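Starting from the given sequences, assemble the full structure and let the hints guide the process.
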Amino acid sequence: MEAPDEELMLAYQAGDAGAFETLYARHRARLYRFMLRAVKSRQIAEELFQDIWLRAIEARRRYAPTARFTTWLYTIAHNRLVDHWRKRALTLVEVEVDDLVADANDPADHAQSRETLTRFAAALAALPALQREAFLLHEESGLSAADIAAATGTNVEAAKSRLRYATAKLKEALNDG
Amino acid sequence: MADERDDDISRRYRELGAEQPPPELDRAILSAAREAVERPRVPLVPPGGRQRWYYSLAAAAVAIFAVAITVHFEREQPDLESTAPPAAPPPISQPSERKDEALPVQKPKLRAERPPVFAPEPGARAPAEQRAPSVPAAPPSAEEAPANAAAADAVTSGAPASSAETRAAEQNAASQYQRAPAPAANRALARAAAETRQQWLERIAELRAQGRQQDADRELAEFKRRYPDYQIPAAMRAKVERP
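Top line first, the protein sequences correspond to chains A and B.
Numbering of the first sequence is given in this note's numbering, commencing with residue 1 and proceeding in unit increments.
Numbering of the second sequence is given in this note's numbering, commencing with residue 1001 and proceeding in unit increments.
It is worth saying that the hints were derived from the structure and are not from the lab.
In this text, all values refer to a predicted model and were calculated from it rather than measured experimentally.
Treat the hints loosely; a few may be bogus.
Pairs of lysine to any residue, SDA-like flavour, derived with a Cα cap of 25 angstroms [to be verified]: (1) A/K40 x B/E1019; (2) A/K40 x B/P1023; (3) A/K171 x B/E1019; (4) A/K87 x A/G153; (5) A/K171 x B/E1015; (6) A/K40 x B/G1017; (7) A/K40 x B/S1010; (8) A/K169 x A/R30; (9) A/K169 x B/A1018; (10) A/K160 x B/D1008; (11) A/K40 x B/L1016.
Shown next, in the form of structure tokens:
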């Protein structure tokens, strides 16, 4: 049975560097994609990604398992993201749709998939920042509406509303095809 | 979250890609995480060699300071003694000079070593009583002063008086001298300065025995004036009082 995130974080807090490696392995890809979908350039996304982890390392002594580790980590990510949004307009990293659908065997399916993903990526990029953030937190990190509310400093109803609007717009973009 | 989740949307989102952070980013973050816990916390006072050095230096400084203070006091005490005036008090023939000489000599050690002007009577006595005889210590005249001073030194074999007592005695002696109205009183004071109460009473008894009743009465009156609280023993009272 794997140790829960909170236990690993407490172990790291006590000086166990191996516990952090396990935590990082669990969350690195999701957090990376979350940042990648939330900012304009890959370089900035990677800078923010590294900065978030470094902030988590520095804040380890203040960590208390009163909430899920994921919520704590994405709270740091949200705050860092808000700082970034204040400086620059929110745009998404352009998705390389051609690369994503290149393995389709049927050329017709390939074309349809390419078109669908293009619309989906465009719809995701067109979402309002808070809705997109809520959607990404939900899809990438698996946070519940309550966790999203905690991580983004809002109430649960607002988090649910953002998720519903985001999902509805993305679904509409898919159905348009 | 089931309300907000849409499987088709989630699947499409997954199709956008499963990007991973580059390996160099992973290495940098993990390295920072290891360094953070392996690096010892820097306390306000570093616990390594610097701390030992600090305490050693502090101990050495305290020791040097203590030795310096000791040496300083040891060197200073002989200086006081070397500058001390002669142990015997100068003749107090002139009140103004006596006053001028008595006041500047204020070094504690000198005052402590100077014998009291009036010797304490053998036996238990209250401190107030011990100080009282010092009042007539001032010699009444220039002729009697050296003799009285010598007598006082001879009588006072020990028990150094405190500086306060000595200073009070000197000041009282000066004031008594200035207030003394008659030579007879001065002589009585001078004698009182040189003898104890017991000796005084014995002398009065001797006057009685010699038939010098008036002299004895005068001395006894002076004695009672000096020592109003002193209870003359019955045997001595029979000798000193007029029969």
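Exercise. List in ascending order the numbers of the hints, as given earlier, that are violated by the structure.
Key: none
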